[in-house]
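Participant: Spelled out from the first residue to the last, the chains are:
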Amino acid sequence: MICKAKVRICKRPGAALLITVLVAFLMLSVLTMVVFNIAMNISHVERWQTAHYEKTRLVYLARSAVNAVIEAASDDIASLGASSSTPINKQGTIPITDAGAVSLDIVISGDASPYLIFRAKAYNASDQSVTVTAKYDTDTKKIIKWSGGL
Amino acid sequence: MRRGSLFVEVLISIVVFLIGMMALASVMTFSLYSVTCSGIYLKADQELANKVETYMLTRVISHDVTPSDPLASLVSSNKTANIGGFSFNYSVYRYKTPDKYGSRYYILQHEE
Chain Y
1 MICKAKVRIC KRPGAALLIT VLVAFLMLSV LTMVVFNIAM NISHVERWQT
51 AHYEKTRLVY LARSAVNAVI EAASDDIASL GASSSTPINK QGTIPITDAG
101 AVSLDIVISG DASPYLIFRA KAYNASDQSV TVTAKYDTDT KKIIKWSGGL
Chain G
1 MRRGSLFVEV LISIVVFLIG MMALASVMTF SLYSVTCSGI YLKADQELAN
51 KVETYMLTRV ISHDVTPSDP LASLVSSNKT ANIGGFSFNY SVYRYKTPDK
101 YGSRYYILQH EE
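Keeping their order, the protein sequence lines are chains Y and G. This note's numbering numbers the first residue of the first sequence as 1 and each following residue consecutively. This note's numbering numbers the first residue of the second sequence as 1 and each following residue consecutively.
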């Protein structure tokens, strides 16, 4: 008989095909799991990046606010009323409705001999905040030091 | 055993197998799409951040600049801020990339 040596296969003619298909299926499952795991990790990183991105947005807003205040003040630094005998400490809040619920607390302090400190704290509704400080030299009319940020 | 029952079993097996394969294929497609898009989004976001950063550096060096990049647009202008009696006018600019939804930065600009 032809099937004499292959009794097992002849009894189950689809076994080889079934095993091949099952092994292929298993391999594909493992491969899919690996790719899915990579995608989930990337998604996790993106979520972290989005949270970090909110803070970066606040940093740019705070830095540009400090710049804007210094640009405005440098035109007439005397209008701030600071002198070596009368140091100033001016504070104000700027709500930025265009950028969502973001607010800026600005502080100008110092005695203008020759430095003034400009500080901006940007914060959003999620209680994230960033503080940026610039040290301004009233003699050279230049920012000599930036600090804060991320 | 009835004639044709094997054929029905094979058909059912094929259907079950195809459903499994389609599920795996869709998971694989979604995953690869996520991986590909992530790179594109990251690049777009980083390019936008670089543009804002470049502008900020330019502005620190020279105060007489306004955002001129195509990705920058004026959001609001002629606003006044008061800091303990010291007032100044400002406008708000937005840097936004079309390549990633929600990716945008805002900056304040002093106006004369």
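Warning: the hint list may mix true and false statements.
Beta-carbon label-pair distances, calculated as ranges [as the list claims (entries may be wrong)]:
no., chain 1, residue 1, chain 2, residue 2, range
1, G, Gly-84, Y, Asn-41, 46 to 56 Å
2, G, Thr-58, Y, Lys-145, 38 to 48 Å
3, Y, Val-34, G, Val-15, 20 to 30 Å
4, G, Ser-77, Y, Thr-93, 41 to 51 Å
5, Y, Asp-98, G, Thr-36, 28 to 38 Å
6, G, Asp-69, Y, Phe-25, 46 to 56 Å
7, G, Ile-40, Y, Ser-79, 40 to 50 Å
8, G, Val-35, Y, Phe-25, 16 to 26 Å
9, Y, Ser-113, G, Glu-47, 41 to 51 Å
10, Y, Ser-84, G, Pro-98, 25 to 35 Å
11, Y, Leu-28, G, Lys-43, 28 to 38 Å
12, G, Leu-74, Y, Ser-147, 42 to 52 Å
13, G, Ser-77, Y, Asn-41, 24 to 34 Å
Treat the hints as calculated values from the structure; they're not laboratory data. Virtual Cβ for every residue (Gly too), placed ideally from N, Cα, C.
Participant: Just pull the numbers of the violated hints for me, sorted ascending.
Facilitator: 2, 4, 10, 12, 13
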